[in-house]
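K.L.:
Full structure from sequences and hints, please.
Protein chains in written order, with the numbering used here: chain V, 1 to 383; chain Z, 384 to 635.
Rather than coming from a laboratory, the hints here were simulated on the basis of the structure. This structure is a prediction, so every number in the text was calculated from the model and none was measured. Think of the CB as a built atom: it goes at the ideal place given N, C-alpha and C, for glycine as much as any other residue. Accuracy of the hints is not assured; some may be wrong.
On the chain V side, residues computed to face chain Z include the following (Cβ under 10 Å) [as the list claims (entries may be wrong)]:
1) 39
2) 70
3) 74
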Amino acid sequence: MSSEKTIPPGPQVHFELRKAGEGRLVLVLSGQLNADSAPRLWQELKQKLAATPATTLEIDAAGLTHCDSAGLALLYFLSTGQMTPNAQVTLSGLKPEFQKELQSFSIKDYQDLQSQQPAKPSVAEETGMAIMGMAGDLKEMAVFIGQVASALVAMPFHPRQVRWSEVLRIFEIAGVNALPIVSLISLLVGLIIAFEAAQPLAQFGAQIYVANLIGLVMVRELGPVMTAILLAGRSGSAFAAELGTMKVNEELNALETMGLDPVRFLVVQRLLASLLLTPLLTIFSMFTGVLGGVIVMLGLDFPMPMILRQLESSVQIRDIAFGTGKGFVFGIIVAGISCLRGMQTKEGPSAVGASTTRSVVSGILLIVVVDALFAALMFTLKK
Amino acid sequence: MSAPPDIIISVHNLTVGYADQVVLQRINFEVRRGEVFAILGTSGSGKSTLLKNLIGLYTPMAGEVLIEGRDIVTAEGDDRLRLLRSFGVLYQSGALFGSMTILENVRLPLDAFTRLPELAKDLVALSKLRLVDLKVSPARLPAELSGGMQKRAALARAIVADPVILFLDEPSAGLDPITSAGLDALFKELSRNSDITLVVVTHELPSIYAIADRVILLDAERKTIVAEGNPYYLRDHATDPLVRHFFRREAI
Ligand SMILES: Nc1ncnc2c1ncn2[C@@H]1O[C@H](COP(=O)(O)OP(=O)(O)O)[C@@H](O)[C@H]1O
Ligand SMILES: [Mg+2]
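P.N.:
In structure tokens, the structure reads:
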């Protein structure tokens, strides 16, 4: 059948390499030289030709009935003397139709390509580039903060420019829908901390202080931080991906050419929504975290009124205010950095993924750094 | 006429469509080896659906598609791989992988189907890029190329493993007339210089007249082939008003 001709089943090339005098080699090829048969021939010829030094190599290709591009690549490689650098190579007998295709090969293209591979930069260069990159990033952040601040300041004067329906949508997606995961994690963390703390405290008969511990830790530290980290992972990544996709689809460019500022049109709504939802989520997280502690204490046979009294005496209103205030700040940070990362998205299919990762990493990093700053601030204020 | 033409694709009583809708019903046609065969029709007439059934991406609702005498629907394992290897497909969007350079994209079929040395793969890929006249560095990423250049690179990828049949889905979509005429010239040259068979889906009249040896015209209402033959002949001799309208629309 004709199909056998066009879809060859296996290696079907024959070669004969013989000495025809002093330093004179003759290579006779016959059969079908194609992608199936060329790899083995390539290997064998490479070994044989390296083992037999010669000054001339005559290739007789008259017996080749069929060649595909892979086969021609081998012929080209042979006939340009790449396998026999010290020999004069001649090629004869190749059918004219293959001869023509042989013209499209070029070792120069290949060498050009090799030379285009960028040289690996030195350590000093890489360090320099990294520092430049960081400086550039800081500058972009500063500019972005300025833009956002001016947009926020302008907002009360033009409240109609804010798309409140969008704010509401984001509030629902990033806030309301996050309630289950925030409560579950806070509750479990509360349970675990209370449980772990109860054992050493029992040695001193001081288990009642589990209430103090869980109250302060949840309200001042873990509530706000856990909420913010969850927000960064859950919604910050979504913000970055949304804005990044818009950037890739040229929607951001479209906004600019319509005279709409992307910061006002897209960032402000996300920022406002986060600003509203993080304190609420934070309070919720504090509450469920403490609840976890309370459950453990009930398990340790403390009566409810006693636990509540202990909590009341240790957690002040200003602690709650402090924790909620942190929530505000974290909310701004998470929304801001993820929108910035989204807008910094570059071209290409992996760009959105990259900026999503960057948004989560920078978000969490900033949360921890700012939290440390808060702690230092409180410490100096108390002195 | 001398010997009967060598048939490379034959379609018997083929019915294609989607779960809720039959798009084409009991169609029959044949593609001859070495010709440029065009599948025509207005938007929504089922050209892409038919093409995807021809290359085995979709399973037909009924009927058979024989490629070199082998049924693409029932082929399995090595048989199917060998059939797939004998195809090249140029997708409408180019479908270049954005995270790979042009050269890596073009080499991909060789990586998948052959065990050539790396250098040989590069040489073959570069020769195909030369053939399609891509004038930019193959070390670039697809996103850095214009639409026409991406099509050329995608074409190089489609022909790199020396396919017997090249399928083209709307090759000129989204390109300016000059670029698309350049692509047409490339297809014509490809067809003239090798015994490759081209199956083109298009609705661009200039393109049809420039490259197609034979065409079929699909119609959404009748769910079948309403005309078959040489495009110039159909333009001048068709009696069916629908066919006349399609071929003369912009040609006059
Ligand atoms: N994935 C799909 N699922 C269901 N119906 C589809 C799908 N793709 C296309 N269709 C329908 O099949 C018909 C033919 O579409 P298509 O083959 O894309 O036409 P053409 O390529 O000629 O423009 C249209 O009516 C279209 O709505
Ligand atoms: Mg289509």
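K.L.:
Take the hints in turn and mark each one as holding or not.
P.N.:
Each hint tested on the structure:
1. For residue 39(V), the suggested interface contact is upheld, since its CB lies about 4 Å from the closest CB of chain Z, less than 10 Å.
2. Given hint, residue 70(V) at the interface with chain Z, holds; its Cβ is 5 Å from that chain's nearest Cβ, closer than 10 Å.
3. At its closest, the beta carbon of residue 74(V) sits 7 Å from a beta carbon of chain Z; the interface hint therefore holds under the 10 Å criterion.
Violated hints for the displayed structure: none, as all numbered hints are satisfied.
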